[in-house]
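Participant: Chains as they are written, first to last, in numbering that gives the first Met the number 0: chain H, 0 to 598; chain E, 0 to 350.
Please keep in mind that the hints were generated in silico from the structure rather than gathered at the bench. It cannot be assumed that every hint is accurate.
Claimed, not checked - From chain H, some residues computed to sit far from chain E (all C-beta separations above 10 Å):
no.	residue
1	Asp131
2	Tyr244
3	Arg254
4	Gly380
5	Ser426
6	Pro437
7	Phe474
8	Gly500
9	His510
To be verified - Calculated pairs, SDA-like style, for lysine to any residue (alpha carbon to alpha carbon, straight line, at most 20 Å):
no.	chain 1	residue 1	chain 2	residue 2
10	E	Lys65	H	Lys275
11	H	Lys275	E	Ala195
12	H	Lys472	H	Asp445
13	H	Lys472	E	Lys65
Unchecked claim - Which residues of chain H face chain E? A few of them, derived with a C-beta cut under 10 Å, are:
no.	residue
14	Asn291
15	Arg297
16	Glu354
17	Val423
18	Glu424
19	Ala434
20	Val456
C-beta atoms are modelled at their ideal positions from N, C-alpha and C, and glycine is treated no differently.
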Amino acid sequence: MKNNKAHFLCARMLLGPLLSLVALLGHPTLVFPQQRSAKEELLVLPGEVGRSGGRLVMSLRGEPKTLNPLIAADARSREVIGVMQADLVHINRATQLTEPSLAKSWKVSPNGLEYTLVLRQGIKFSDGQPLDADDVLFTFRVYLDEKVHATQHDFLIVGGKPISVRKLDAYTLVFQLAKPYGAGERLFDGFYILPRHLLEKQYQEGKFDQAGTLATAASAWAGLGPFRLKEYVAGQRLVLERNPYYWKTDLKGNRLPYLDDLVYLFVQNADAQVLKFQSGETDVISQIGAENFTVLSRQQYGYNMTDAGPGLEYYFLFFNLSEAGEKTPAEMLRKQKWFREVKFRQAVSAAVDREAIVRLVYQGRGAPLWGLVAPGNRRWGNEKLAHPARSLERARTLLKEAGFSWNNGPNGESRLLDAEGKPVEFSILTSSSNANYPKMAALVQDDLRQLGMRVQVVPLEFRSLLDRVLQTKEFDACLLGLVSFDADPTADTNVWLSSGGSHLWNPSQAHPATAWEAEIDRLMEQQLAAPSYEQRKKLYDRLQEILAEEQPMIFLASPDILVGAKNVVGNFHPAVLEPYVLWNVEQLYLKNGAENATR
Amino acid sequence: MRVRRMFIRWLVVLGVLHGIVVCAGFFAPYDPVEQDRKSPYLPPMRLHLVDAQGHLHFRPFVYSLKLREGSFDQYEEDATEPHRVTFFESGARYRLLGFLPCRMHFFGAENARIYLLGTDAYGRDQFSRFLFGGQVSLLAGLLGAGITLLIGLCIGAVAGYYGGWRDSLLMRLAELFLALPWLYLLFALRAFLPLAVSPLEAFFLIIAVIGTVGWARPARLVRGVVLSAKERDFVRAARGFGASNGYLLRRHILPETCSVLLTQAAILIPQYVLAEMTLSFLGLGVPEPAPSWGNLLSSLQQYSVLVSYWWMYLPALFMVPFFLGYLGLASSLQGREEAYKIERSSLGSLM
């Protein structure tokens, strides 16, 4: 559970520098709420007007664990919860900027410590009960309650103190921060507002973590998202139905969403998902590998495959630099001596053929990566960062400078020896959940073989891999991928801070182990509090330079977001931020809605 | 007489096939782990005798393949330059029979690389991997069967010869072994071993596991043979003359089991090759990049490979003669020895 949380946290968060910018420029795609009636303040969405009806079917990689947004740690649960719940301020997945959601507007005090949010009036939960400031108060009380162990809890601690919330009137709330927070309202994305009328009793009885299991009756669960619970069949599917009280309309004033039903089929295996999509059982598919994308693209009968471009996923190799405990075996200490040598890590980085990874693993649908900012993120990358071509020559020079040498092994192959004359051998852990991981590792293995390193690749089930990396720390090196949930650098705070639970190469340090990690901590905290984008960017650029110099993570590649949908799905505009295809689910419609409904 | 001829014929076939695999380094044009990263999933090259201009060549040649514009995995022949197939070329280093350092390869191509069975995801030569993989898989089968038969012989002989409580105990144990779900036990066993095992360690582990698992069936057969042999007149006579148990077993009884063991070997070896392949296919066998027949086929687990690259099936096709050889050998052995019923076990099952 703890691992999961860490993984979730590292990838999740969203606080941005964009407040000032939004205020200046307005929002490109945003139409501000229009008063429909005195009572109901609906949000009008721009875009193509669709037709109502029909059901959309898609695969989910396994069953969600819960419908409770506070305890959901796995991607599947979060995906489902995302369409059933709504937040105060939302990050538009296409523009990557914030826009009003349940809060129709917000104001920040000049010192940046106070956020005043105004709720939409007259809107209702999916069970018809009205929303007011008390629901929001209740929600944040639960999020901040340490006994609940909300996965997002840590993000409400700003400057060492929890955010405080108070109500001005039935629709106005004030959020008080202890320290200015550069990105402000991005914070509110993903904090789903809970129905107080359904959950307060359970919370007071201390049974909050039992709320929202999949066995919950549809009538006992409600949210503010476009869909609500209809039916759950264990092991098979989850059916959501249209929320008739949803608070968005299209340009013609039709209440969204268009779809009547949204069906998730539980399909564990990626290949099985492809087959289901190919045979027409599902309507959309996302997060598929390049090879399956090619197969699906070859014969596009009634569907259309889209390469949405590079996303925010990044893959990297890192070594175990964690502090040696008393129980650490001598062999591990010997290996860590190499890993701690910066020239060793630089040599590995120089020897890795990133272009080959993109070509062989992603069939060219991806980008080689030299820094932590994936090419899908256009605002935060350091353009000055060098992209050195692969050079075994440079790698050998670096190794030689660090005291390594070579001799000939029993079969005439060259072997790398450390300063004590011992051969350099280690293993790379990687996840077996996805065929791309072992493939990437096999390429790295061969690259390093050419330097004389003997590397074993060990594919491991993802959960036990995380356990080894974050808990027991019994590993040499590991090849892993992360996906940022937001383009803003704060999304990965937990990865870069030395105290972070997902600071993978040496997690949860009490004090920064090295000077450069201390420097990264400082830069990270400074950019968090810096008022302007330019200042933050400058600090973040410096952070990227340090990482490129020290190579605690050897960045490899970033794949494109590959998705597909049947031609009948309207308003299908995949984004490079999660959820890639369902981010605008309320606007998706079926061009032949009636036919599909009777399918 | 006819049966004997058949036996020798199958033996020759198997001898040739194994000879090729044993000398994999010589017959394979390339190192099995060498990656040609410009040519992933390259289809098998065609051997030509007539070139694009219609000229006849006396020595076969190949055209190198190049990627079609804008595609990742579609190749076309580049007919500008024929590359003649050459023989006895010097190439990648290997050790003939495991100890003779050598560089000579049976064939290659002039100024180009030749891929008779295509390449895999990393651009590795499937033909070379098939031959080197055969070394791993066949040796695992042979050694595994050897261990099984040795254990089976010992246990079967003790149970059959001494009888009584030893017989009951050992045969109940055999029944227990027959009833265990081995595949799951293998998974469990793998979980207890250190994470990273070298290909050599993994190899011996597999042999040890599949070798010790299958002893029950041969042990029961041997027991049956021993039971009947120990009641024969000449054995009784020898015992009457004061022969010791050890002498009787060694001199009179165990030789009787010889034909049963041979037939069992011919059945067990291909079965154990398949067992190795199953383990490697599931990722429990010899780790990548070392080739084994199971590793070669494991890429077929991916749907995209299954439907896109037909030549990834070819190794399976090339394995057929090996299995056929062993089955033919087993049946001719069975024909020779009608006296003993041979318990047949289907090839499809793991053990």
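Participant: Looking back at the numbered hints, which does the structure fail to meet, lowest number first?
Facilitator: 5, 6, 7, 10, 11, 12, 13 and 17
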